[in-house]
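J.: If you follow the hints, you should be able to join the two separate chains into one complex; please do so.
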Amino acid sequence: MNARQRARLAFWLLAPALTFVVVLGAFPVLSQFALSFTKFNLKFADERGFAGLSNFAQLVSDGVFWQDLGHTAYFTVVSVGLELVLGLAAALVLNRVLRGRTAMNSSLMVPWALPTVVAATMWSLLLNDRIGLVNSVLERLGLMGEPIVWLGPRLAMTSVILADVWKTTPFVAIILLAGLKSIPNQYYEAAALDGAGRWAVFRSITLPLLKPFIAIAVLFRTMDAFRVFDLIWVLTGGASRTETLSIYIYRVLFRYGDLGYGSTMTVALFVIVFVLSLGLIRFMRISGETR
Amino acid sequence: MRTMTAVALCCLAAMSLVGCSSQESGDIQIVFAAGNDPSGATEALVDEYNAAHPGVRVEFQAMPANTDTQHDAYVTYLSARESSIDLYSLDVIWTAEFARAGWIVALPEGYIRTDEFLDGPLASVTYKGTLYAVPWFTDAGVLYYRKDLLEEAGVPVPETWTDFRRACREIAEPRGMDGFVWQGARYEGLVCDFLEFLWSVGGTLDEATVVERPADAERGVTEALGLMLSFLDSGISPAGVLTYKEEDSRRLFTEGRALFLRNWPYVWSVAEGEGSKIKGLAGIAPLPHVEGQTSYSTIGGWNIALSTYSEHPDEALDFLRFITGERSMKERAIEGGYLPTLRRTYEDADVLAANPHFASFSEVFQNTRNRPRSPHYPRMSDIIQENVHRTLTYEIEPATAAADMVRELAEIMAE
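If you're matching them up, the sequences are chains A and B in order.
Mapping of the first sequence onto the working numbering: position 53 corresponds to residue 263, and the numbering continues sequentially without gaps.
Mapping of the second sequence onto the working numbering: position 93 corresponds to residue 106, and the numbering continues sequentially without gaps.
In isolation and in its complexed conformation, chain B is listed as follows (with noise of 0.2 angstroms):
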């Protein structure tokens, strides 16, 4: 309940902020919201855009770098039709979501070049075949892998999970290292997690599927809780990753201490920066994948939309134009290591110098999926965080999780 009321004061402090400071000239005040930027490269493109345009203001509105916190902070924002702000940056799961409720408006006809765009981030920002909102940088669940380790033993990195599990066995085991870590704990990154270990074993959670063919949604969900599963009772996961976010993997990983792992990119640089005891050492790969199936990544990452409420929405666009321009995110992609949501932006010779790793995400970025894309989504993750979790420690079996995951979802389909 603290929280809460948290929550609401900075909320009304915010909206006093910007209250107060859109009276101060004749400009035309445009409000852009996004999680902070640490790297300051998004301020950066800010102040030059300003520059360049008398009479228009842009405000950069930092918020708090936590999703969930962001999120229903904007919900509060935008059910009160708070007009103060007028770009919201989303976070690709919010597109359903905030489109239905009418909070964000299409953008306008060829706003931009679709083509352009990478598939993932593209399919992110459309609800019901309209577009409402432009890819800004994107995200995609990799494995890392201990490069030193592998080249040692002779093993080549794992394509399947069969040869993943040896490598665990062989090169793990022995050296009292964990196997395998990843994002058990029950929070939306569990999702995530899961949805890559569902389509590596070549199941499914899209709607037709579940809807039309709640059996094959539900054989392949059973199939994937067992591999979770395996990875638990052989040891090749500690059970302590039941309890894992990110950085708790994360750190794992970067002390050493684990063999692979499962997480966003940002960790490349985290492995090769100062306190790593694993520079030099780790590789990316795309995630394993049973037999005869491929792999996917789950698509992370943030979109730009603009309010239903703003005052100045020409102008606005104007704006957002800008910042998710070419030249923005060649910026945000060498300062600050964003991965740009631009096809081409992944071969130029600036970004990679400064980001040689984008080179090797490209290939994970081949095959990327999107979570269920629905304005019941937050409904949808925790029925699947909850079923998916409550195996993991033994509570249900998978084939009760997953008939009671697919029946859930199926009604909330048809709602």
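For reference, chain A alone in the conformation it holds in the complex (with noise of 0.2 angstroms):
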């Protein structure tokens, strides 16, 4: 076979998976892009219209924007960093269980696997102010006094972000026990010659060789934080300042039938998660010189 044939053969290949691509990813997010510059709301479709650039000029000075950007960024950075602490914890010490791991693992995935509209269906029957078994639990311990309105104003966030540490830091675990077992032991065994503390030998054996693992952890729980919707919408359906770019966008998209200003703003969280995957994936070195 020679270059030019292989070439073909590869090309036809390929072209099932390409047809998938450019489908299923090119295609919306090209089709998102131009309708960003449109007039375009389903429900007054007898006004539609090139926009040229003011559907962009109206993100600038859209305050909910903005606003929404920084709780989603919020959620983002506090979340994700709980879970990876968490989650590290865990896969340490499953690491080092011997016994009962099967049933330890399975237990431990438990919440991720929920779906997690049931799981979040959950959190908000046991979050419930005066009937919830939270708050019943802390009332019996003595530890409280008036109810602790968890979803209201003052803790709404807070509990949303334990609502998802408590779903996904199975995930996280997960990924970084994998990360664990690979790591041969013979590397272990010489500091153990050499005489390393626990400490050192977390920091100079562990925890880089982990390094490929925790940014892949990392890297999908923040594109998957920045886009939460289903948990925070039946939780709180976006009050108390907990309201994310997604729960705007598909209250502008589905609501108000407004795929105009909807595209921008996608197109907008596109480009954010994006540049954001592509810094944290230089910062953290996944793709080249790994090792």
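The set of hints was computed from the structure by calculation and includes no laboratory data.
There could be a bad hint or two in this list.
[Claimed, not checked] To give an idea of the chain B side of the interface with chain A (calculated C-beta under 7 angstroms), a few residues:
{"id": "1", "residue": "V88"}
{"id": "2", "residue": "S92"}
{"id": "3", "residue": "A93"}
{"id": "4", "residue": "S96"}
{"id": "5", "residue": "A114"}
{"id": "6", "residue": "R199"}
{"id": "7", "residue": "Y200"}
{"id": "8", "residue": "G253"}
{"id": "9", "residue": "T256"}
{"id": "10", "residue": "L265"}
{"id": "11", "residue": "R392"}
{"id": "12", "residue": "E410"}
[To be verified] Simulated restraints, written as ranges between beta carbons of each label pair:
{"id": "13", "chain 1": "B", "residue 1": "N49", "chain 2": "A", "residue 2": "T331", "range": "16 to 22 angstroms"}
{"id": "14", "chain 1": "B", "residue 1": "E220", "chain 2": "A", "residue 2": "T331", "range": "37 to 43 angstroms"}
{"id": "15", "chain 1": "B", "residue 1": "N79", "chain 2": "A", "residue 2": "V307", "range": "39 to 45 angstroms"}
{"id": "16", "chain 1": "B", "residue 1": "K258", "chain 2": "A", "residue 2": "A402", "range": "36 to 42 angstroms"}
{"id": "17", "chain 1": "B", "residue 1": "D327", "chain 2": "A", "residue 2": "S316", "range": "58 to 64 angstroms"}
{"id": "18", "chain 1": "B", "residue 1": "I425", "chain 2": "A", "residue 2": "V233", "range": "55 to 61 angstroms"}
{"id": "19", "chain 1": "A", "residue 1": "Y284", "chain 2": "B", "residue 2": "T413", "range": "54 to 60 angstroms"}
{"id": "20", "chain 1": "A", "residue 1": "P422", "chain 2": "B", "residue 2": "K258", "range": "40 to 46 angstroms"}
{"id": "21", "chain 1": "A", "residue 1": "R218", "chain 2": "B", "residue 2": "E324", "range": "47 to 53 angstroms"}
{"id": "22", "chain 1": "A", "residue 1": "Y284", "chain 2": "B", "residue 2": "N79", "range": "38 to 44 angstroms"}
{"id": "23", "chain 1": "B", "residue 1": "E304", "chain 2": "A", "residue 2": "G291", "range": "51 to 57 angstroms"}
{"id": "24", "chain 1": "A", "residue 1": "L486", "chain 2": "B", "residue 2": "N49", "range": "50 to 56 angstroms"}
{"id": "25", "chain 1": "B", "residue 1": "K258", "chain 2": "A", "residue 2": "A388", "range": "40 to 46 angstroms"}
Heads up, the beta-carbon is just placed ideally off N, CA and C, and yes, glycines get one too.
T.: Listed below in structure tokens is the structure:
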């Protein structure tokens, strides 16, 4: 087979996958870009027209957008941070467990396996101020005077973050556990011979070798957290300063039917997540010279 | 995002299902999409209609019970000019939106006898003076109270907010109960509750007032917000009420932990049903008002409209007349407890025998009002929700919220 034939074969082998990428990936993104320059509301379809940059001008001066971007960033940083710390701790513990590992692993995975909507509905019942389990436990332990309004103005964001941490820490833990398993034992044996302490071992062996796994976990979680929708939608509906960009975009696109401005915000969210991911990839050096 | 994908997939699935089944026979196929009816009464009526009309096959397509999900599914279908669904059941707040978009058609002149319908539901099917749908069943906010506790204290059912607050202080407080629970979460239900409070202080958000006399509108809104804050500040309503939807507040009431509840008529059968701790102890009344004013209930409920893209409008209209006719309404009232929109069904002996409480509702239904009727309603609703909720969570002052709300609503109304 000469080079040309090989290239042709490669093309045909790639074609199905490429078609999928174009149809399901590139096409929607590009049409979203195109829509962002139009004035187009589903319910006022007769007023459709070219809008130039006016949607983007609206975006710049839209207080809600920037406010929700702030909520989204806060949610992402705090929840991913907590998930990373707790997930790492869980992975380190699980890596040591010798007996009953399967049982522990599978019980850890339960929150992650639950559909988000189900988990969120469950949390909203648990956190109800009057008849929720959380408050009734606190009350019985004598730790609570007035009932705590978990989803109220003061604690809403904290509660939402805790529910997210509960739900997705297992995901981080499993990825990091896989990472821990991949570290060859001889490094640890060598360190033991050299008389390294636990902290030194952790810092000089475990952490550096785990870095690519941490990077993957953080990347996945950041992208997910930045687009969070269902959990918050069910718990607060976006009230009490918990509205994220996805919820705002949903309102504009689906409730208002405003495809033009909604697409503009989608494009903005796409760019933000894209740049963020690129930044993370560079920072963590996942690609290229990993080792 | 995942939810959106799910919705989109469901839509596709639904469309493909409809597409398949219509191929089956030579009959004319009419598809009627509406929220699921757990009582089975609607399906029984459809079967009955089909049996009496050879050559036409009506199919009842049950939609998700969640209103917003239904709305978004319909918007997706209709903006794609989907022709497989002929009749849609629409929430009362959607008429203007769907009519303006050109998705539903004006009913033929004289199609229904308007004088036979309750005023509130009838107004909800009207857009710019034209009828676009037939009222199917209705809903209105009512005040539930603990009959036993009021009687024990010798307190009459309060008609003014002053008496209402006193009753809460004297009866609920000493018992460690909540005085008054309602729907304070930021969602559509908050708009319904807020408007009732607004009307009860003599305020209004109708277009003429908002556009021409914004200062009057603002004054009413400020007063209504003050009233709502007074429930929270005095502890009559628990702080958690700001996270409650219908079922959260209903649960507290039927658990016997609240003296008063603002909710929809459905609560009655729950309060009288299995598992209720207040069986036989609840009463129904119109909501209280400020001295010298009248209280009004927000109208809810559903209408049925004919799709612009229907391929068999005549057959669809014939079925529409049947399903919104007196017999259907009676049947659905008796079997499913749905509140009819035809006046005379409230005097029907069979209906009242099955639903003795309908008699008490008829007083409430004397004074009902609609939420703003505008094709921009979703945006207006969000403006109201946001400003009310932020005031109740002490983020902004009532006067600021009122000014913002009225200004933003006026901008939309001017569009």
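J.: Now look at each hint and say whether the structure bears it out.
T.: Structure-based check of each hint:
1. The restraint placing V88 of chain B at the interface with chain A holds, with a minimum CB-CB distance near 6 angstroms, inside the 7 angstroms limit.
2. Of the supplied interface hints, the one on S92 of chain B holds, with its beta-carbon coming within about 4 angstroms of a beta-carbon of chain A, less than 7 angstroms.
3. Interface restraint check: A93 of chain B against chain A, minimum CB-CB distance 10 angstroms, threshold 7 angstroms, status violated.
4. Checking S96 of chain B against chain A by beta carbon gives a least distance of about 17 angstroms; that is not within 7 angstroms, so the hint is violated.
5. Nearest Cβ of chain A to the Cβ of A114 of chain B: about 4 angstroms, under the 7 angstroms cut. The hint holds.
6. About 3 angstroms separates the beta-carbon of R199 of chain B from the nearest beta-carbon of chain A, less than 7 angstroms, and the hint is met.
7. Taken as an interface hint, Y200 of chain B checks out: its beta carbon lies about 5 angstroms from the nearest beta carbon of chain A, inside 7 angstroms.
8. The criterion of a C-beta within 7 angstroms of any C-beta in chain A is met by G253 of chain B, whose closest approach is roughly 3 angstroms, and the hint holds.
9. A hinted interface residue such as T256 of chain B counts as satisfied when its beta carbon comes closer than 7 angstroms to some beta carbon of chain A; here the least separation is about 4 angstroms, so the hint holds.
10. Proximity of L265 of chain B to chain A holds as hinted, the smallest CB-CB distance being about 6 angstroms (cut-off 7 angstroms).
11. A hinted interface residue such as R392 of chain B counts as satisfied when its beta carbon comes closer than 7 angstroms to some beta carbon of chain A; here the least separation is about 6 angstroms, so the hint holds.
12. For E410 of chain B, the interface hint is violated, since its Cβ never comes within 7 angstroms of a Cβ in chain A; the closest pair sits about 15 angstroms apart.
13. In this structure the supplied range 16 to 22 angstroms holds for N49 of chain B paired with T331 of chain A, their Cβ-Cβ distance being about 19 angstroms.
14. The given range of 37 to 43 angstroms is respected by E220 of chain B and T331 of chain A, whose C-beta atoms sit roughly 38 angstroms from each other.
15. Taking the beta carbon of each, N79 of chain B and V307 of chain A are about 43 angstroms apart, inside 39 to 45 angstroms as hinted.
16. Judged by the Cβ atoms, the range 36 to 42 angstroms given for K258 of chain B and A402 of chain A is violated: they are separated by roughly 59 angstroms.
17. Separation of D327 of chain B from S316 of chain A is about 60 angstroms and conforms to the stated range, judged on CB atoms against 58 to 64 angstroms.
18. A C-beta distance of roughly 38 angstroms is found between I425 of chain B and V233 of chain A, which places it outside the suggested range of 55 to 61 angstroms.
19. In this structure, Y284 of chain A and T413 of chain B break the distance hint of 54 to 60 angstroms, their C-beta atoms being roughly 25 angstroms apart.
20. Between P422 of chain A and K258 of chain B the CB atoms are about 45 angstroms apart, so this pair conforms to the stated range of 40 to 46 angstroms.
21. The hinted window of 47 to 53 angstroms between R218 of chain A and E324 of chain B holds, with their beta carbons roughly 48 angstroms apart.
22. Between Y284 of chain A and N79 of chain B the beta carbon distance is about 29 angstroms. The supplied range of 38 to 44 angstroms is therefore violated.
23. The beta-carbon spacing between E304 of chain B and G291 of chain A, approximately 55 angstroms, falls within the hinted interval of 51 to 57 angstroms.
24. Look at L486 of chain A against N49 of chain B: about 42 angstroms separates their beta carbons, and that is not inside 50 to 56 angstroms.
25. For K258 of chain B and A388 of chain A, the hinted distance range of 40 to 46 angstroms is satisfied, since their beta carbons lie about 41 angstroms from each other.
In summary, the structure is inconsistent with hints 3, 4, 12, 16, 18, 19, 22, 24 from the numbered list given earlier, while agreeing with the others.
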